[in-house]
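Start from the sequences, fold in the hints, and give me the full structure.
These protein sequence lines are chains A and B, in that order. Residue numbers 7 to 91, in our numbering, belong to the letters of the first sequence in order. Residue numbers 72 to 712, in our numbering, belong to the letters of the second sequence in order.
One should not assume that every hint holds.
Stated by the list, open to error - One side only, chain A facing chain B, incomplete, derived with CB under 7 Å: (1) ALA38; (2) LYS49; (3) GLY79.
No lab work stands behind these hints, which were simulated from the structure alone. If you're wondering where the values come from, they're calculated on a predicted model, not measured in any experiment. All C-beta atoms in this analysis are idealised placements derived from N, C-alpha and C, irrespective of residue type, glycine included.
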Amino acid sequence: MNIEKVILSTSKTDSTGCSACAYFKADNLQHALARLKGVSKVKVDKITGNVIIEYGKQKINLSKITERIEKLGYQVEILSRDEIQ
Amino acid sequence: MREHVKGVILVALLGLFALAGVLISGVQVAYVHEIGIVLSLIAVALGYRIYLHGIRSLWYGNVTAQLFATIAIFISVVAGLVLPSASATGTADAVGYLTASAIVAFIILAGMTLEDYIIHRTRGALEKLINMSPTAARIRRDGAEVEVPVDDIKLGEIVLVKPGDKIPVDGTVISGYSTVNQATITGESIPVEKTVGDRTFAGTLNEHGALEIKVEKIVDDTTLAHIIRLVEEAQEKKAPIQNVADRFTTYFLPIMAVLASSVFAFSYFALGFEVALARTVTVLLVACPCALSIAVPVAVAGTIGNASMNSIIIKGGTHIEKLKDVKVVAFDKTGTLTVGEPKVVEIKTVGNYSEADTIKYAAIAEKFSEHPLSKAIIAKAAEMSMKIPDPTDFKTIPGRGVDANYGNQHILIGRKMMETEISEEVNQLMSMVESEGKTAIPVALDKSVIGVIVVADTVRENSLEAIQRLKRLGIKTVMITGDNMRTAKYIAEQIGIDEYHAELLPEQKVAVIIELKKGNVVAMVGDGVNDAPALANSDVGFAMGAAGSDVAVETADVALLGDDLTKVEYAISLSRKAFNRMKGNIVYAFIWNIVALSLAAFGILNPVLAVVLAEAGCISVVINSALLLRSKPKPLAKIMG
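Set out below in C-alpha cells:
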C-alpha cells in the first residue's frame, strides 16, 4: 500500500488565536479532511494550524487535499512529504 | 467525542486535587501544609493544557486569555513558594496562594472544555447531514447480489434498495415503484412517488417498495456530499461584522500590557508588594479577549447550520448580513411562484355531456401526443382513473390541435380546428377563461362542441403564505416574468404580490432588478438556471428547487433545496436574528471586559472571582451564539398576530 504522510501548514488571515477560536478552526478542518475518501489519519494542531495527514496514494492525491483546505478558506503550504509504507 | 471525554476526565482530576488541597488544611495530620502544597501543585500541573496553549500561542504571535492565565498562575505559584519565607505569617500563606492557583486552573480548564464542547455542538447540523449518508449498499454484480461499502460502488452499477432502507446513491430508478421521503434533501415532509425514470438522491429514505437504481453519481459527487461540502465552506466564511470584533482584539494586548503594569506600579507604591501582586494577577485573569473574537464565527456557523437543517444553504456570513437588510424580494413566476407545468384546472361542459365525457374523448385523441397540454389532459384522465382506449387514427396539426377518429366517432381538439363550429355560448365561455390568463381547449365530438377544458399553470401551494410572511416583515414583493400581462395579472392578484412586471426578456429582468436596487437591498428568487443573470444582479440570489441542479446550488447566494417558498422569509428572519445576536455579543463582550477590568484594577475582585467572571463572560457569548442553531421557524399565525 502506498501510504503517504504529509505535513501542511494552514493559515487564515483573521487568526486572533483565542483557544475557542483555535478549537473552532481545528474542529472544522479536522472533520472536513477526515471525510475525504482515502484519508486514513488527520491531526490538526489547534495553535499552529499545522495538519498531519496520511492517505492512500491510489485513492486520493495531495492536490485534492490542498484544494479542499483552500476551499475552506485557508492558505496551504506543504512542509514535508514522506512515503511511510 | 473521545477527545471530549478525555477533557472532562482531566477537568475532574484537577478539580479533585484542588478540592483535596483546600480541605486538607482543616484536617489535623502531620505535614498538613506540605501535603496541601503538593496536592495544589499537582492540581496546577494538571492544567498543563492551559499553559501549553498560552506559551505556544505567544510563540506564534497570538495573545490569548490562556497566556494571561499562564502568567497569572505562574506568578501566584512562585509567590506561594517564595513569599512565606519572607513573611511573618508563616506557611499558611503558601497554601493559600497555591490552592487559589489550583482553583483558578480548574475553572479555566473547565471553561475551555465546556467551550470546546459547545462549539463542537454547532457542528450538529453538519453531523446530521453526514449521518444521512449510508455507508453500505446492496448492488447487483455478475448476476449476484452483494453488499459493498458505498466507496466501492462504480458508476452505472445497479443498486438494490429494500423498503425502509436509505438510498445510497444519486441515480435513476430502472425498476420498481415506491414512495421516498426526501425531507433530508428538499425538506418536503410528504414522501414523493418514485418509479422507472425518476431520479433519486443519496441519503433519502425509501418507504415501502423495492427499487433498483442505476448509479449516476458516486459518493463524493452526490447532492448530499455537495451540500455537506458547501455547508462546511460556508461556515468558515466570515461575516463583515467580524472586522469590528477583530479591530478590538488587535488592541487588546497593548492595552492589557499597559493596564497590568500600571496597576502593579500604582498599587505597589500605594499598598505594597503583596496587594500589587494580587491585583495584577486579578487583572490578567479577568481579561476575556476570547468573547470578542469567537462571538461572530460561532454565530455564523450556528446560523448556517440551522438553515441547512431547514433545507436552506446560505453560502457564508456576508450573505447573512445582506439578508438582514433585504427590503424587496423579486420572484420569477413560472416554476417559482407557480408549479411550472400546465394542469387541467376546470372542465366546462356543453349540452348533455359530462366532464368525464369531455376528458375521455380529449384523452383518446391526445393519447399519443407529447405536447405539454396533451400531457395535462392525459394526467387528468389518469387522476379520474379512466382507462383510455387508443384512437383508430389521429393527426396532430402543430399550433392548431388534433383531428382524430375513434371507431366511427370524429374528435376535434383546439380552437383553431373548429372556427366554424363554435357557438356564441362557447365563445363567451372561452374568452372569459382566457381573460384570467388560462388556456381554453374546446373538444368537439362529431362537429359539435361537448366541452371546454381549462388548462393553467397552477400557483404553488405555499406561494400565498410565502408572500404574506414577507409582507409581515415589511418587505415589498415583486413578480418579474416573461409571460403575458393577463396571466401575470391573474397570478399576482391570486397571491397578493405588491407589484408585477410582465413580458420581460432576460435582459429586461436584469434592468428591473437594477431599478429596484436603487436605494434598496433586493433579493431575487428564481430557478437558478434560466434566471441566472437576474439572480447575479440582485444583492442576494435565491435559487429554488436547487437539489437537482449543481449549477444552481453553486451560483446562488442562498440555495433553497426544495420548493418551499416560505423558506425565503425564514432565511431573512433568521439572518436578522443572527445579526442582532452577533452585534449584541460584541457589545456585551466589550462592556463585560471593561467592567471586569475596572473592578479588578480597583481591587474589588480576587483572582478566583476574576476567573469565574472571565469564563462566565466567554461561555455566555459562546452559548448565545451557538443557540442560533436551535432557532425554529415561526408558524404563520404567530407572525400575523
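Comparing the hints with the structure gives:
1. ALA38: Hint on A:ALA38: holds, closest Cβ of chain B at ~5 Å, below 7 Å.
2. LYS49: 11 Å, violated
3. GLY79: 4 Å, holds
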